[in-house]
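Chains as they are written, first to last, in the working numbering: chain Y, 1 to 466; chain V, 1 to 466; chain C, 1 to 466; chain U, 1 to 466.
Note that these hints are calculated values from the structure, not bench results.
One should not assume that every hint holds.
Heads up, the list lumps identical chains together, so a pair's fine if it works in one copy or across two of them.
Said to hold, decoys possible - With a Cα cut of at most 25 Å, we get these calculated DMTMM-like pairs of lysine to aspartate or glutamate:
id	residue 1	residue 2
1	Lys-359	Asp-150
2	Lys-449	Asp-214
3	Lys-405	Glu-10
4	Lys-56	Asp-426
5	Lys-356	Glu-10
6	Lys-101	Glu-35
7	Lys-359	Glu-10
8	Lys-460	Glu-225
9	Lys-27	Asp-77
Note that the coordinates shown come from a computational prediction; the quantities given were computed from them, not determined experimentally.
Chain by chain, the residues:
Number of protein chains: 4
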Amino acid sequence: MSSWKGRFRERLHPEALRFSSSLDVDKRLFGEDIEGSIAHVSMLAKQKILSSFEAKKIRNALRSVGNEIKKGKLKLDGFGTNGRFVAEDIHMAIENRLTQKVGAIGGKLHTARSRNDQVALDVRLYLRKEITGIVSSIRKLQKTFLSKADRQGYIVMPGYTHLQQAQPVLLAHHFLAYVEMLQRDAERFSDCLRRVQKSPLGAGALAGTPFPIDRNYTAKALGFEGIVENSIDAVADRDVHIEFLSASAITMMHLSRFAEELVLWSSSEWHFAEIGDAFTTGSSIMPQKKNPDMAELIRGKTGRVYGNLVALLTIMKGLPLAYNRDMQEDKEPLFDSSATLAGCLQICALMLQSVKFNKQRFTNDRQSDLLLATELADYLVRKGMPFRKAHAVVGEIVNVCVRKKVSFKELSLKEYQRHSELFTRDIWKILDLRASLQNKKSAGSTSPKEVAAALRRWKKSLRSKS
Amino acid sequence: MSSWKGRFRERLHPEALRFSSSLDVDKRLFGEDIEGSIAHVSMLAKQKILSSFEAKKIRNALRSVGNEIKKGKLKLDGFGTNGRFVAEDIHMAIENRLTQKVGAIGGKLHTARSRNDQVALDVRLYLRKEITGIVSSIRKLQKTFLSKADRQGYIVMPGYTHLQQAQPVLLAHHFLAYVEMLQRDAERFSDCLRRVQKSPLGAGALAGTPFPIDRNYTAKALGFEGIVENSIDAVADRDVHIEFLSASAITMMHLSRFAEELVLWSSSEWHFAEIGDAFTTGSSIMPQKKNPDMAELIRGKTGRVYGNLVALLTIMKGLPLAYNRDMQEDKEPLFDSSATLAGCLQICALMLQSVKFNKQRFTNDRQSDLLLATELADYLVRKGMPFRKAHAVVGEIVNVCVRKKVSFKELSLKEYQRHSELFTRDIWKILDLRASLQNKKSAGSTSPKEVAAALRRWKKSLRSKS
Amino acid sequence: MSSWKGRFRERLHPEALRFSSSLDVDKRLFGEDIEGSIAHVSMLAKQKILSSFEAKKIRNALRSVGNEIKKGKLKLDGFGTNGRFVAEDIHMAIENRLTQKVGAIGGKLHTARSRNDQVALDVRLYLRKEITGIVSSIRKLQKTFLSKADRQGYIVMPGYTHLQQAQPVLLAHHFLAYVEMLQRDAERFSDCLRRVQKSPLGAGALAGTPFPIDRNYTAKALGFEGIVENSIDAVADRDVHIEFLSASAITMMHLSRFAEELVLWSSSEWHFAEIGDAFTTGSSIMPQKKNPDMAELIRGKTGRVYGNLVALLTIMKGLPLAYNRDMQEDKEPLFDSSATLAGCLQICALMLQSVKFNKQRFTNDRQSDLLLATELADYLVRKGMPFRKAHAVVGEIVNVCVRKKVSFKELSLKEYQRHSELFTRDIWKILDLRASLQNKKSAGSTSPKEVAAALRRWKKSLRSKS
Amino acid sequence: MSSWKGRFRERLHPEALRFSSSLDVDKRLFGEDIEGSIAHVSMLAKQKILSSFEAKKIRNALRSVGNEIKKGKLKLDGFGTNGRFVAEDIHMAIENRLTQKVGAIGGKLHTARSRNDQVALDVRLYLRKEITGIVSSIRKLQKTFLSKADRQGYIVMPGYTHLQQAQPVLLAHHFLAYVEMLQRDAERFSDCLRRVQKSPLGAGALAGTPFPIDRNYTAKALGFEGIVENSIDAVADRDVHIEFLSASAITMMHLSRFAEELVLWSSSEWHFAEIGDAFTTGSSIMPQKKNPDMAELIRGKTGRVYGNLVALLTIMKGLPLAYNRDMQEDKEPLFDSSATLAGCLQICALMLQSVKFNKQRFTNDRQSDLLLATELADYLVRKGMPFRKAHAVVGEIVNVCVRKKVSFKELSLKEYQRHSELFTRDIWKILDLRASLQNKKSAGSTSPKEVAAALRRWKKSLRSKS
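Taking the hints into account, I'd like the entire structure generated from these sequences.
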């Protein structure tokens with residue numbers, strides 16, 4: 001039974017039905033739909049719009065429909081017992097089944113409600129659940145970075161700019177950068193959740209309802225922090241949905257960067273990290289391959305989430321108020337992005353746990369000695385040379401090293417003094433990667449002291465969060 | 001059985017397997033995969049790399065696997081008989097089943113082939129089929145516009161700019177604009193097809209193969225027009241895929257414009273078109289509603305296809321050669337866009353057939369009389385006034401009409417002459433919507449003669465195309 | 001003078017210089033750059049890294065350079081006095097000029113600072129200023145909606161779903177929906193600002209600095225609420241930039257919807273709103289045209305802001321830490337989006353003020369009488385009929401009206417009773433648009449009482465905000 | 001002077017004028033605008049719509065206006081001599097100046113033309129020029145790859161999949177992959193050009209014109225291959241514009257991949273390529289840095305072009321026919337993408353010329369010896385083992401090598417035979433990177449013979465193209 005046949009002489013064309021049915025997508029909202037309907041019915045009873053007998057009957061039947069779906073006993077293919085397609089979406093599928101169970105009073109469930117506020121409600125219930133799950137997965141990934149930092153964070157690696165070795169940093173410091181990024185990601189989701197946490201139920205089709213409903217009652221019963229005030233706004237907008245997709249896209253951007261780094265570090269050339277067998281794959285043709293597929297997939301799936309964001313932005317652009325059927329297309333981008341992000345966060349944490357780092361990779365590397373160039377320049381500055389000049393002097397020394405294929409340590413003091421008389425015997429002390437780290441003085445720097453403090457701070461802060 | 005276990009001591013983590021499996025998506029390529037494998041095996045036999053006995057056995061078994069899948073007899077869930085997940089993608093699922101059937105020689109199917117060229121091949125076979133179908137659907141929609149123009153194309157409607165009534169046009173002329181757009185859409189798909197029609201098979205993992213294969217043989221057997229020459233390019237690029245998505249996005253853009261027009265025309269305010277009951281829906285709450293849902297969905301689904309284009313562009317950005325696992329993510333955007341576009345083209349044609357136009361809507365409308373303002377200006381120009389001045393004069397006359405709430409026809413000649421002495425009695429002849437149409441002289445204009453010629457041309461041109 | 005010549009034997013190729021120079025774009029950050037440098041120098045002096053004499057000299061010179069730029073006395077084309085291109089960006093242009101003024105000690109400005117933290121700082125200062133301006137423009141537009149509602153909000157118009165007339169609403173109620181949307185937009189910008197309000201200065205190139213700087217001092221001096229803790233994160237991430245673009249895109253989405261409505265309402269067909277002459281344009285060829293160009297441009301410029309969001313998301317995807325030159329491309333999307341959004345908010349408010357609404361448009365419209373169909377159904381429900389049945393009954397009555405071309409009011413009671421015996425004489429009372437409004441009981445509905453309360457609430461709430 | 005004041009009582013608001021003016025953007029179309037106007041005037045004279053005297057006068061004045069603009073003598077700021085803003089776009093700026101020169105007959109230029117067909121024409125003339133330039137730049141980059149291949153193409157490098165060393169390839173083979181990609185890019189632009197090469201002039205505002213113009217005459221005079229037939233289509237669509245942006249985005253995608261590779265190859269870790277000093281930059285703080293900025297910028301600018309594509313797709317979505325002011329926003333994405341792409345193609349070619357490759361990098365690398373694993377497997381297959389089994393056997397041998405830290409060559413024959421008795425003395429012959437190359441047999445493989453043939457083919461094919 002469709003919900004609107006009255007004024008129509010002709011049935012919906014079968015192809016149109018197939019084209020417009022959303023059941024296959026929105027059926028995963030069945031739990032939210034039933035939860036919302038139960039709250040609605042309770043309110044209708046409280047307000048004497050339904051009798052408490054009717055309400056109880058409907059509620060029980062709704063719960064039983066929910067169980068049927070959970071157990072796979074109710075086919076959600078949209079076809080009725082007569083073999084005709086009858087339910088264009090999950091809302092009608094549930095209501096049809098309800099009516100089979102309780103008869104005509106099932107029709108009263110829709111009193112003082114429209115599919116417009118109903119679907120707006122269901123998606124907000126869904127988003128709330130998903131955001132909670134995602135924030136918790138973000139916490140887990142942050143904790144994985146921290147525990148990994150605890151175990152191997154003392155490793156010295158080159159910090160890169162332009163993918164050129166720039167200055168030595170602790171692996172823990174590098175990891176802490178991701179912990180910070182993920183923290184802002186979690187904040188963005190929490191900010192979004194604040195806006196999600198308003199109930200649209202009771203907005204009706206768009207104008208409210210003549211029934212003396214209590215919107216705050218259902219809002220509270222469903223765990224919302226308030227109602228979406230304006231009834232048109234409640235059914236017409238999808239901005240928090242886009243905000244969710246945007247927060248997802250930014251988080252994926254962050255994950256894609258770490259994924260890229262894992263891919264680089266796992267290459268023969270970098271030879272810095274080895275992802276565990278359980279998170280790599282081989283090649284069907286090249287027996288030596290050990291491929292960082294999970295990292296590549298995380299990086300690739302970023303495209304999917306970006307695309308979903310673009311999809312919903314495009315859908316909503318220039319739509320007049322209030323509800324338009326275009327907005328049915330809001331669900332797949334949400335469902336797909338949420339599942340993708342949750343999957344990537346989980347795999348990223350699992351994979352990270354499995355990574356082994358090559359401790360000696362950069363400490364034994366002649367090339368990496370050039371990481372100390374900034375130290376040399378700062379040395380000259382401390383002895384009174386303006387920074388720009390010190391930079392030029394060290395640049396010339398680098399040239400000598402590159403030409404002669406030697407490291408800073410292999411140059412003689414005399415050679416240094418040829419470039420500036422400020423060089424004295426104490427330069428040997430600074431020509432050491434770990435000395436460079438310890439030398440750092442600024443807050444938030446890669447100095448072991450700062451890094452240790454940051455790790456302590458983060459562990460304490462995350463301990464309280466599940 | 002995974003295709004690469006040799007050097008691994010640990011199995012893929014179950015979550016990693018789930019995360020990376022593409023079987024659920026790429027299983028719809030089973031037909032292409034088997035078609036490609038059969039051609040490959042025939043070539044291997046021709047080149048004496050397999051014996052003709054082996055080849056025949058494998059070919060027969062492949063056909064039988066194909067039939068099993070078609071009939072739903074082979075579960076494509078990736079789980080083996082031992083309940084363990086064994087097939088990460090359709091290619092392994094088929095090969096596993098093959099090996100069950102023919103034993104160890106099944107392993108020879110993969111001789112001189114890699115999953116990289118195999119999957120590149122499958123997708124090209126898929127794209128070829130889809131493009132052919134889409135072009136044919138475009139033809140159908142063009143023909144629907146033409147047949148609709150035949151029946152109701154004589155209706156005069158306002159051509160709009162800025163959604164303001166601008167100049168009268170024939171409905172047929174308006175439809176012909178879409179026929180032209182769709183023609184360019186079809187051309188873009190055909191251009192793309194030319195680039196799709198090259199076989200990547202034989203590129204191996206990326207470097208070619210030491211087996212004396214005949215790439216042109218398989219290319220020809222599979223109906224390609226040639227091979228993708230360079231073996232790295234063959235497995236590394238996805239540009240024709242993006243081109244397909246771009247052609248789809250542009251076509252959706254065109255459809256979204258017509259959909260928007262149908263939505264507008266169906267509004268109470270426009271009252272110009274009524275979409276058939278079979279392509280409209282009602283409201284669950286407002287019994288009077290007759291909603292242009294199909295048009296709205298077409299407009300909304302544009303977002304989905306735009307998003308898919310962005311997804312693949314994002315995925316491919318900055319990927320080093322050759323194959324990267326990110327590229328596994330190319331399939332869903334393709335499958336989804338193709339299905340969406342095909343569905344929209346079909347529904348658009350069916351819906352258009354059902355539309356009834358309100359013939360008298362604009363011919364009896366005082367407001368629409370202002371459509372003749374350009375005629376009035378041109379009238380003055382023909383009598384020698386520079387265009388810019390004529391424009392200003394008529395602008396003032398429009399002001400008078402708006403202020404007095406009268407139409408051009410209701411003004412007296414004297415009033416006209418108050419604005420310019422060039423006005424004489426012959427202005428009454430031009431103050432008629434159809435006269436305005438007939439007045440048009442330029443090629444491709446909305447004059448009935450030009451429109452009739454265009455219709456004839458198009459009907460002839462499309463007749464030859466299925 | 002370039003900032004890094006030391007180790008290079010060859011100059012940058014002139015085409016490479018032109019290609020990579022950002023001066024033309026980032027020169028608008030000159031104010032932020034000087035502000036940041038002054039704070040940095042003061043801190044260096046406080047920490048005894050520079051002498052107070054040096055610091056004072058540099059600060060004064062920086063202020064003087066700032067004045068030169070403000071007054072247009074310093075050419076910012078990147079060319080030095082010798083006609084050679086010397087400044088690739090605004091930072092070097094300022095430092096070069098500084099050095100001309102104060103000689104070699106100018107080189108000390110860069111002590112304990114890198115271009116990486118410097119540019120990150122400048123953009124945050126810029127974003128803070130822009131967000132403040134945008135939030136204030138959002139407030140202005142909200143207030144314009146409210147003052148417009150005060151004056152013409154009592155007008156009854158159809159609320160639309162699917163662009164079909166659905167239920168009567170007050171124009172003020174419709175406006176309030178936008179006030180709510182804009183409120184969430186402002187919130188999103190404020191949430192973003194919280195994350196912007198951290199100083200990256202002192203992060204150095206990526207690892208911190210060996211100089212004993214005081215990061216919190218500069219943060220406080222520049223009005224930040226804290227520092228970006230991790231030095232790598234400080235120079236490597238651009239997530240708050242993307243968040244800004246996303247908040248901008250969502251706001252543009254909202255504006256595009258209102259713009260679309262203005263375009264529709266201004267059409268001859270809708271004839272509901274007339275935008276003031278000062279915000280419409282005519283046609284170069286059609287003298288009668290009065291085009292809603294500003295609304296169209298707002299709608300169109302949505303594309304530009306969406307594009308900017310995609311641009312920066314794409315840029316950042318998959319970039320390894322820390323700074324990469326790709327990130328230079330972050331500025332134009334920010335500058336362009338901010339200017340576009342600010343312009344659109346301003347024009348939207350000005351244009352809205354100029355709109356005149358046609359009060360009688362829908363109250364005298366036979367078609368709009370169907371808006372009362374939901375009232376009829378609710379009437380039957382109140383008399384005990386289940387909603388779904390009431391809906392079907394009214395649907396049939398609508399059919400009668402459409403077929404007979406009469407309105408609900410023009411049907412006789414007998415005819416009503418033919419469809420249900422529940423109809424009695426009291427139906428005439430509900431067949432009135434304003435009665436329908438007054439009938440609404442739910443919180444946030446379009447009932448005049450609810451709307452008046454919402455207006456009061458909003459006016460009070462916005463009064464306190466500049 | 002605005003072009004449409006007649007019916008307006010109030011001037012455009014100064015902020016609206018500023019907001020809507022496109023002069024600052026479209027002024028770079030002045031050449032196209034004048035070219036089009038001259039052709040239009042000549043046609044008007046030929047058709048006796050203007051006298052030949054008038055036409056000559058206007059043509060001469062137009063040429064003179066063009067020269068004024070070229071020489072910077074005509075300020076294009078939109079302000080008239082009275083200090084009032086008078087020209088909202090380049091078309092009015094030129095016409096205003098024309099009228100200053102020739103008086104009232106200047107107004108006749110706009111006879112039988114509208115700004116709608118005029119601007120459509122100008123952009124097509126622009127696109128034609130840009131496409132021609134871009135295709136030529138693509139040719140240059142292809143030739144640079146070829147000449148680089150001539151000089152260093154014999155270098156053996158690892159072909160990568162998943163960024164893991166996969167199989168040895170010739171550098172020339174790798175370059176040829178890009179030559180192929182660029183070839184398809186050029187084809188896409190040429191296909192687009194075919195659709196650009198139709199004249200919209202004469203479509204008028206949207207309906208054609210009552211003047212007896214000759215559209216084919218102007219089309220031919222301007223070098224078009226025909227006319228855009230339907231007058232509505234001619235002014236309403238922007239699909240070829242989007243197609244141009246899409247072709248640009250795909251080409252940028254290709255360039256971003258090569259840019260990524262240059263960034264990787266230039267890293268200390270890869271140490272495979274050194275970009276010339278003239279195309280790298282240093283760091284303001286780290287004297288040792290030599291950064292691949294140009295490659296990074298090319299990669300980053302990909303985002304900008306993707307964004308432009310999204311912008312125009314968004315703009316055009318759901319716009320009713322014909323012209324809407326939103327479409328004014330089509331120009332910046334086109335101008336910006338074209339300039340960006342042209343710049344990137346040029347810099348990419350120049351930079352590539354400057355790259356020096358480290359010939360011995362991979363031939364002396366123990367790790368790279370594993371590249372021969374596929375050879376080993378194929379060896380076993382040739383001796384009769386099914387491929388899947390051979391793969392597993394070699395996988396185990398790889399494990400031994402990794403565990404013992406030895407290369408394939410360092411294992412004894414005995415050890416090989418422990419894994420399979422098929423191994424005999426002849427394996428030493430295949431354990432050589434160059435032997436592996438020579439071993440390849442398939443068309444388009446990396447075998448030196450195939451690569452040499454491909455180079456010859458390409459050089460011949462490109463010789464004929466400027």
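Determine which of the earlier numbered hints do not hold for this structure and return their numbers in increasing order.
-> The structure breaks only hint 4.
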